[in-house]
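Participant: Protein chains in written order, with the UniProt record's numbering: chain A, 1 to 230; chain B, 1 to 433.
Hints may contain errors.
Computed Cβ-Cβ distance ranges for the label pairs, DEER-style [stated by the list, open to error]:
1) A:T76 <-> B:K2: 29 to 39 angstroms
2) B:S342 <-> A:R28: 55 to 65 angstroms
3) B:G12 <-> A:R211: 20 to 30 angstroms
4) B:R20 <-> A:R28: 39 to 49 angstroms
In short, the hints are calculated from the structure, not lab data.
Idealized CB from N, CA, C, for every residue including glycine.
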Amino acid sequence: MSNNTPILEARGLTKIYGTGEFAFPALRGVSLSIASGESIAIVGKSGSGKSTLMHILASLDKPTNGAVLVGGRDITRAKPRLLDNLRNKHFGFVFQQFFMNADNTVLENVILPLKIAGVGARERRTRGLEALRAVELLDKANARANHLSGGQKQRLVIARALINNPLVIFADEPTGNLDSATGRLIEDLLFSLNQQGITLVIVTHDEDLSRRCHRRLDMRDGQLLPEVAQ
Amino acid sequence: MKLFDIFLTAAGNLGRNKTRTALTILAIFIGTFTLTLTNGVGAGISDYIDRQLGNVGPKDLLIIQAQQESQSFSSGEAPKRYNPSKQKASTVAGPGVAFNMLTPNDLAILEEDPDLAEVQPYFSVAPDYIEGPNNHKYQLQASLYPRGAKLDLLSGSQPDHSAKDYQVVLPVSFVNSLGFADNDAAVGGRVMIGITKPTGEVVEVYAEVAGVQQKTLISLATGVGLNTAAAQGLFNLQTEGLPENLAKRYAAASAHIDPNISSDDLTALKQRLTNKGYLPQTVSDRIGIVRQVVDGIVVVFNMFGLIALLAAAFGIINTLLMAVQERTKEIGLMKSMGMSGSRIFLLFSTEAALLGFWGSVLGTGAAIGSAMIINRIASNGFLKDFPGLDLLAFPITLIAGIIAAIIAVAFLAGVSPAVRAARKNPIDALRYE
Ligand SMILES: Nc1ncnc2c1ncn2[C@@H]1O[C@H](COP(=O)(O)OP(=O)(O)OP(=O)(O)O)[C@@H](O)[C@H]1O
Ligand SMILES: [Mg+2]
Numbered sequence: 001m002s003n004n005t006p007i008l009e010a011r012g013l014t015k016i017y018g019t020g021e022f023a024f025p026a027l028r029g030v031s032l033s034i035a036s037g038e039s040i041a042i043v044g045k046s047g048s049g050k051s052t053l054m055h056i057l058a059s060l061d062k063p064t065n066g067a068v069l070v071g072g073r074d075i076t077r078a079k080p081r082l083l084d085n086l087r088n089k090h091f092g093f094v095f096q097q098f099f100m101n102a103d104n105t106v107l108e109n110v111i112l113p114l115k116i117a118g119v120g121a122r123e124r125r126t127r128g129l130e131a132l133r134a135v136e137l138l139d140k141a142n143a144r145a146n147h148l149s150g151g152q153k154q155r156l157v158i159a160r161a162l163i164n165n166p167l168v169i170f171a172d173e174p175t176g177n178l179d180s181a182t183g184r185l186i187e188d189l190l191f192s193l194n195q196q197g198i199t200l201v202i203v204t205h206d207e208d209l210s211r212r213c214h215r216r217l218d219m220r221d222g223q224l225l226p227e228v229a230q
Numbered sequence: 001m002k003l004f005d006i007f008l009t010a011a012g013n014l015g016r017n018k019t020r021t022a023l024t025i026l027a028i029f030i031g032t033f034t035l036t037l038t039n040g041v042g043a044g045i046s047d048y049i050d051r052q053l054g055n056v057g058p059k060d061l062l063i064i065q066a067q068q069e070s071q072s073f074s075s076g077e078a079p080k081r082y083n084p085s086k087q088k089a090s091t092v093a094g095p096g097v098a099f100n101m102l103t104p105n106d107l108a109i110l111e112e113d114p115d116l117a118e119v120q121p122y123f124s125v126a127p128d129y130i131e132g133p134n135n136h137k138y139q140l141q142a143s144l145y146p147r148g149a150k151l152d153l154l155s156g157s158q159p160d161h162s163a164k165d166y167q168v169v170l171p172v173s174f175v176n177s178l179g180f181a182d183n184d185a186a187v188g189g190r191v192m193i194g195i196t197k198p199t200g201e202v203v204e205v206y207a208e209v210a211g212v213q214q215k216t217l218i219s220l221a222t223g224v225g226l227n228t229a230a231a232q233g234l235f236n237l238q239t240e241g242l243p244e245n246l247a248k249r250y251a252a253a254s255a256h257i258d259p260n261i262s263s264d265d266l267t268a269l270k271q272r273l274t275n276k277g278y279l280p281q282t283v284s285d286r287i288g289i290v291r292q293v294v295d296g297i298v299v300v301f302n303m304f305g306l307i308a309l310l311a312a313a314f315g316i317i318n319t320l321l322m323a324v325q326e327r328t329k330e331i332g333l334m335k336s337m338g339m340s341g342s343r344i345f346l347l348f349s350t351e352a353a354l355l356g357f358w359g360s361v362l363g364t365g366a367a368i369g370s371a372m373i374i375n376r377i378a379s380n381g382f383l384k385d386f387p388g389l390d391l392l393a394f395p396i397t398l399i400a401g402i403i404a405a406i407i408a409v410a411f412l413a414g415v416s417p418a419v420r421a422a423r424k425n426p427i428d429a430l431r432y433e
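Pulled out of the complex, with its shape left as it was, chain B reads as follows (with noise of 0.2 angstroms):
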């Protein structure tokens, strides 16, 4: 029989059985459906993670902070031996566990290497309140955003890293708090930031709205974010008149390095700076963990869409099984007639492919279209700050390769029931009751 016959065969063989067909199919299309959702789910989120990296800094800046030793505090274990030569860092402690800042010590031997460029200290700082045009103050949290990083702004500008004075970029969610009328109104609007001396005195300063930023998922700052002017100058006010060893004191420091730097190079590097009792982070270094997260919850559903095709694959077996049994006298038929064994289990192996293929082909399809109501509803809904970001995207590849890879399942579910029709023997059929 040419290919072509047996296709057009094992798809009328479909047909005869309606129902039991359909049922088939649906079980094929629930496995489908839900594995299509979660991948979808999955390549939406990392994309608008790839999108949100501008966010986060640009990709050759390096974050460096010191190493955390494994000391706690509470394990009873020996006191370290004090070596003033080796401390590199300075241990913050609180209750129960201890940070390690940078000192200026630090940023020097981090200035002295070669492949490290505009090394700066992160200041942390902790302001009280920000006030705007309508005299309400509010609590604020605010950090230095990384130089070059392209925050995702509704309007206004990046803040200016190599501006004297202090510049702030507001969340959109601010503006109206503040008392500004909309967006473009704050740009170019000045706040105040009411921040606590170290002699319990609180000081205001002014600082001029640069731009208003979108809301986003994953971002290295959080709140208001400053520009290198305010950071500095807040910090200096939260340190004034603090002994120089209590003073300079950072949780981080960042650097700029070769965009073009070969990942060989970057480890050794990485390496480098390990060895000497930093913890160096890349950009995709901490947004990995992001990532991880999400490719984690999408492995958890990917699961239950499996099991769900594992269900379905059982359903393809019984159903050819039961199949081949009804037809034994048609097999033994075309056995009588000269259809050689390996065309019979063409035949059913082909149905099974078929019973996949339309499984596949509807469970995405569905999948794709409510993927496409999810996305608006979710847009216009919970995402609404989020613009930009589609809960669900479905690559072509994605697709043809979930449509392939269940087609194949199929075909694998059918070989048992095919090789059984294969052996069947025309004599046994043509006896057959």
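This is chain A alone, in the form it adopts within the complex (with noise of 0.2 angstroms):
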């Protein structure tokens, strides 16, 4: 992958929802290209398509049209499985409801990546303390998830999300069910793994957030705005 070559492009994606009468076009052509090392805030009225262009993107969800290319391949009509282990491998995810196992650990839910690569459990340990770390969340490695505080949660969530070393994190509203204190925490902690490389593309309302990215894309209906600079 030469550094000129988008480490993510989607090309006239259209995605519709249902069909027949009920047929809802949730994505009218989108076309966008996203640098490796970039900041993306995706922005939008409610509905506007935001959630379901980031899933394509993440190869989570598949167009109705269009093609997405991850590192120059396109991945439309991939396998199964070259797209479980490129989500698997290359892919972080932090979503607005946190999504963990509220039973197990700390430790437990932020190596589960790696548990579902195979990787050996003493290296699993070792890479999640680190996680921990790197998300000041140490002390917490053998509380139970369910007992952490939200923005806790949130940066359990984030230590999951980059233990595999992705390309690329997508969040979601990563701080929509936070206070603006501890969503400014969450902001911090993902822009300072944007410095050390990984691609962010972040789905969000809050327009402090969309500031601090190097770009942000304007939806509505389904469609991009044209970018104005930041």
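Since each chain comes alone in its own frame, lean on the hints to assemble the complex.
Facilitator: Here it is in structure tokens:
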């Protein structure tokens, strides 16, 4: 992958939910290109198609038409195994609802991607503790995930997203469930990862957060508005 | 995910909803318990039957009767033509039935067969009473024990069929009633047998007690056992003075065959005898009926066990479907992190198999435990007279087979929920509230 190949590229994406009478076009021709190391904010009104776009970029969902390229490679018709591997090794996810196994410990939650990858127990532990240190949650490693505060939970999720040294972290409303001070801490954490070279794709309503990104993509009714330089 | 991690995760997931897991395991437990006990009874009894074969007679014994024609005197069938040359057996008719007996002529025919040795008529006797040292008379059923039969004796020895004097083997229940102090005192003692001659005169003969026999479940002979001399002597008294054609009538004959006879040769021999108008049966033919009855009972009981297991299988399906539903987000999360559908499938089917494993291990364990208690109670109670009979037996292959079968059933029950989990779309899961 040469430096000027975009890490993510979308060409003419459309997504139609439902069929016939109930067909609803959530994406109506979206093209974009994201360079490695960039931070991108996707903003827009509720229902404008931000999450839909992010899911398709992250290979969690298929577009009705168009193509997604990761590092120059078209993954639209790739085999599930390749996509599983791509998400497992190169993508990290942060969601508005934290999505964790509440009964498990913090450490067990954080190492889940490594477990899925088939990494051995000892290495999982070392890397898990390392990731927890990075989000300053080391002292909670053996606590039950459910006992964490909202901000701690989101830090857990970020530790889980960065444990596999991903190329891209996708975050859907990462601060949506947090108070503004805690939200600020999470933002700082994400941007420090960005500084280390991880590409960020963040869906957000938060003006401040979007302003801190390199670029901001405005969505309206399933389409991108012309970009304005930040 | 490594298989080992899948296994650990599945085992851990079982602990997440403990009540539900426990109830599902309980359902499997009940089915397994029933199935194990009924099969244990089957195995215990056939084991006993095998050991009892010795009581019945050696494997090389062939018992031959005349074929019973299906001529019913009440059916209004036209009578069959009399043919003196074809008539092999003489017929004794009772109310509504007829029984064909063997004649000396039949014995001669059987003796000519190269595969039969030591053809002996079976002397059926109907003595009136038996009397011991205390001079009380008791009703008596006595019968000739087949040569070579190994009776299960508590004391004494097997009846001597070549002896000239009359010998009897007493069932253990006779010992005290006849006035013997104990089993050992009875051996060598004398009993008197009373029998009515055709003239109506009652005569008494003495016999020596050769042995005391353990109570048995199955035997070809009933009551007091007689050696050949005793049986023949009583038979002669019983038929004394009768014309030859009435006296020499035998219910059956026994013959020895080569113990190493191949099953093809045995089949051929039996066919040959059948064609000549006889009904030959080996010991295992006769015992086979008992075994079929036992097997039949076991099958019926197994039906109950299987029905319980069927209900348990639906319990497993239900439990896992609920788990899949509850864990929609978790499944979506794992899939979004790159866990493949096949691994998700494996995770849930492992959970199902583990439910089956715990249910079946606990079920078989409890069955074995209660069998030990039941065996002890039974052998001190209603099976007291049958030492050596374990009501329940559990060959290791039986237990392993049951556990394996139930794990397989549980796995199959888990297939549909596991497929459902594997097919979950990560997006639906992430959007699921
Ligand atoms: N599975 C689906 N079936 C039908 N319509 C759907 C489905 N998923 C999303 N939509 C519709 O597609 C549109 C875009 O949804 P999407 O979740 O991408 O919006 P969003 O921009 O992320 O909104 P928000 O800011 O509220 O999260 C919405 O109108 C939504 O109702
Ligand atoms: Mg959204």
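Participant: Look at each hint and say if it fits the structure.
Facilitator: A quick look at each hint next to the structure:
1. A:T76 <-> B:K2: 29 to 39 angstroms: For T76 of chain A and K2 of chain B the Cβ distance comes to about 31 angstroms; the hint holds.
2. B:S342 <-> A:R28: 55 to 65 angstroms: 35 angstroms, violated
3. B:G12 <-> A:R211: 20 to 30 angstroms: 44 angstroms, violated
4. B:R20 <-> A:R28: 39 to 49 angstroms: 46 angstroms, holds
When the structure is compared with the earlier hints, violations turn up for hints 2 and 3 and for no others.
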